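Starting from the known structure of chain A, arrange chain B on it as the hints suggest.
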Amino acid sequence: MTVLAGAIQILGGLVLAPLLPGTIQALKARLQGRRGPSPLQPYRELRRLWAKTLADPQPTTLVYRLAPCVVAAATILALFLVPIAGLSPDWPLGNDAIVLLGLLALARFALAAASWDTGSGFALMGSSRDLTLSVFAEALLVLALILAALPAGSTDLVAMSGGGGGSAIWSEPAHWCAAVAFALVVLVETGRQPIDNPDTHLELTMIHEGPLLEYAGRDLALLEWSAAARHWIFLVVAAGLYLPHWGGFGLQLACLVTAVAALCAALAFTETAQAKMRILRAPALLAGGCLLALVGLISGLVS
Amino acid sequence: MQLLVLLGLALLVAGTLAPAFPHRDLTTAISLQAVGIALLGVGGGLVLFGAPAFGAAFGSGLDPTLGIDGLTGFFLATLAVVAAPATIYARGYLVGVARSRALVALGGLFLIALVGLLMARDPSTFLACWELMTLVPAAAILVRRSEAGVRHAVFVYLAVTHLGGAGVWISVLALAHYGAIGDPGALAAQGAGVQALVIVAAIVGFGTKAGLMPLHSWLPRAHPVAPSHVSAVMSGVMIKVALYGLIRVLFEWAGPAPLWAGLVVLGLGLLSALGGVLYALVQHDLKRLLAFHSIENVGIVALGLGASILFASEGDETWAAIAFAAALLHILNHAVFKALLFLAAGAFERALGTLELDRIGGLLRRMPWTGGAFLVGSMAIAGVPPLNGFASEWLTLQALIHVAFGPSLGLGLAGALATAGLAATAALAVFCFVKVVGLVLLGAPRRAEAEAAVEAAPSMRGAPVFLAGCCVALGAAPGLLIPSLMELSPHPQSLTAEPGLSIPGTGSLPSPWLLLGLLAMTGLLWLLRGSRRSAPVPAWACGQRIERSLEWSSAGFTKPLRLVLEAVLRPRREIEAVCERGQLQSVRYRGDVPHLFDTLLYGPVQRGALAGALVARRLQSGSVRAYAAYLLALLLGLLLLMRIGAIG
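Line by line, the protein sequences give chains A and B.
The numbering of the first sequence is the numbering used here, which starts it at 1 and goes up by one.
The numbering of the second sequence is the numbering used here, which starts it at 1001 and goes up by one.
Looking at chain A on its own, in the form it has when it is part of the complex (with noise of 0.2 Å):
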């Protein structure tokens, strides 16, 4: 069984994860009326990359160059950290929903250094949106695993995917408003609409996008992927942790299969319901998540 689990962490992530923005974007055409690419495009996307040749803006560093291996490594051992259906090998790296924080905060400083190399104004909007947006994500994510953690007393991902396992827990406030609280954060680090819109073409507004224009060929590719991996990451946290799975392994997994694919729809739902909002408004929303974390919280303290 752990084996398994190893197996889908790692190959799932590595080659399942392009399949999520896939899906989301056939699904999105469906439901506006068009009949949309496939899901499997962003893989024929990332082999058309992968033959290109690389560009090479002047003036820049090293630091421009390493940015799409430093955040797609970074991304590669946050997939080690996520447990399948509750159950992780054990991996050197162990499991902490800290240590997964870390990474992706690795991953954002190198993508921000790089686009200060270029010096190109639409990369640096690009990210200091992101890290803008960041600032309020983080406390909320704290605020969320703390939720999560709370019944486990632990923060090791596999302790808190079985502390929220089963139907009691689903009796207590407190894990309703972890879910709608981690439900913000997956919007903004997915950068799905309202907050993102990854379809846009518009530099203007570009939040993720902004870093990647000046990439070109295989370190498109790879921040391509790193991104498309946030999606898995995030997603299998979400199934793992806050949304409804019991069981042994065969029946969490099918609990994470039917998980993942719901919060694709929804993704694709609220795509095309909502608008994107202001940037400037975006750290108010989620300022409100936590707050609705924090009355989470003393309801799971009182009881």
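Any given hint might turn out to be false.
Computed footprint of chain B on chain A, listed as stretches where at least three residues anywhere in the stretch have a Cβ under 8 Å from a Cβ of chain B [stated by the list, open to error]:
1) 5–12
2) 67–74
3) 104–118
4) 153–165
5) 209–221
6) 255–265
With the Cβ distance kept under 8 Å, some of the chain A side facing chain B (calculated, not the full set) [what the hints assert, rightly or not]:
7) 97
8) 142
9) 146
10) 302
Don't read these hints as lab results, they were simulated from the structure.
Bear in mind that the values here come from a model prediction, so they are computed numbers and not experimental data.
Idealized CB from N, CA, C, for every residue including glycine.
Showing chain B alone in chain A's frame:
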């Protein structure tokens, strides 16, 4: 052991006196100081790792005594890790500087004061070294530069630290009076009132010197004007030595600290962490920005200390020890990377003549050693894995999360707020240091001096590179240090020493594997990526070329955050358009973020003090008759009091 420490002290004193002999080269003095402080550091490290304590024990008597125990050993080692490279760096930094002999002697005296304070085992030595430690940097700043602005900064530094420092005198003398120095039971017998007085005085006194908000006003003024090797020791160690005093009082001398003390320290820590990093983000001068970051990091240490007190008062001794160790580890880590950043900033200032962030750029190419070390230090202070800043922030965050687990509602909420605040602080630190790295090291040079910059002298580049190595090593193996630090807590706990940290209730921090994994994976992807390159292209900006005037500035990068936090930061902006004959001739723009603590808190206090002084001056008329009248009034008053039986 004894020999080692005495030899170290002797060399340090010799190195301080050596500049007085004019026929001697300064290299001798500097080497003596560096070797002396390094030996003391080794001695301290040995005591920390289990060698028997050395010298006298703490006592409330007034006879000067010296000694080293575990906590002193830890701080001595921290001092040595920072001061030895900083002293060697001074060799290159002081070339061509006027009055360099005085600066070297003052640098040595500063180290002696710090060592004396750490080794003091009685109140008189402690307080004497405390004053010396405050005065010597002021002298060093004035010897180097004495413009009006600098003199004003030094005045504010001395005024604030002395007013606040009264708290240190009150708490230490009160402790000595009750015989509580080295005897935790003595104060408990005096009741809660005396204990409260001692604790509040200590928090105000030591907190002022440590730069805890809202007592920090001197710090961002004094650090930027000091010579770089002095600011490295000031920011890296001096403010930590104030925390050493706070730890001694709160955790040892004042008996078990009450719950409210823990909440106060936690609250001040949260304010300092968030406030420090927010104001750092809107600074335009590199050294001033680094000074604000010291406030942030002192805040993080205070969060760990506050959590430790809260755990202890709830009876959770394991986590009390872990939170205590987290605070100490962050003290060491911050000393290392802050000294690195200040030393590198000094090298940049040497090369460019300015540290205004918007006018540097592109230094990684031109100063690869200093620039590379600066990059490592920035990543460490931003708290990204696998460097040392992440290790101690991880541990502090874990401690706060476990405060949030309850069981009591109030403490749980306090813990959750502090956790969220620390997470936001970490994200803001990433924001801030990406900006610094981008403006200083990356991109195209923003002015001619930056284009012509050359790498610093070998002694000046060695120190930052050594400290960058320390950042990596401490990030890879924090677990080798943590068990010894947990032993120093008032509730010693044991933990097996291994490079990573596996603590029950957490998912463990396998730091060596993180480092290896990141290096290996990045290397693998770098190979996979290949190096097929197209011809160099200009960066793309909608078909425009990126010119210097179009480049992003520090203010531009932080604009979204400034707008979001407008209600808190209250930025000022002035736009002035000059029109002539209906045509726009020019537009002048000025924007800044005023330091609200100065305008809202210190401003009224200052005005009140000046008004009070005016009133007091009227009493001093200078006329003999008036003074005779004062004496008569005093006499009559005393007689009256005796008559009604109030005195006598």
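Hint-by-hint comparison with the structure:
1. 5–12: violated (count 0)
2. 67–74: Three-residue rule met by the region 67–74 of chain A, so holds; n is 6.
3. 104–118: Holds: 10 residues of the region 104–118 of chain A have a Cβ under 8 Å from chain B.
4. 153–165: Since three or more residues must qualify, the claim that chain B covers the region 153–165 of chain A holds, with 7 doing so at under 8 Å.
5. 209–221: holds (count 6)
6. 255–265: With 0 residues closer than 8 Å to chain B, the region 255–265 of chain A misses the three-residue bar; violated.
7. 97: This interface hint holds because 6 Å falls under the 8 Å limit.
8. 142: For residue 142 of chain A, the interface hint holds, since the closest Cβ of chain B sits about 4 Å away, which is under 8 Å.
9. 146: Holds, about 5 Å.
10. 302: Result: holds, 6 Å to nearest chain B Cβ.
This entry does not satisfy hints 1 and 6, going by the numbered hints stated previously.
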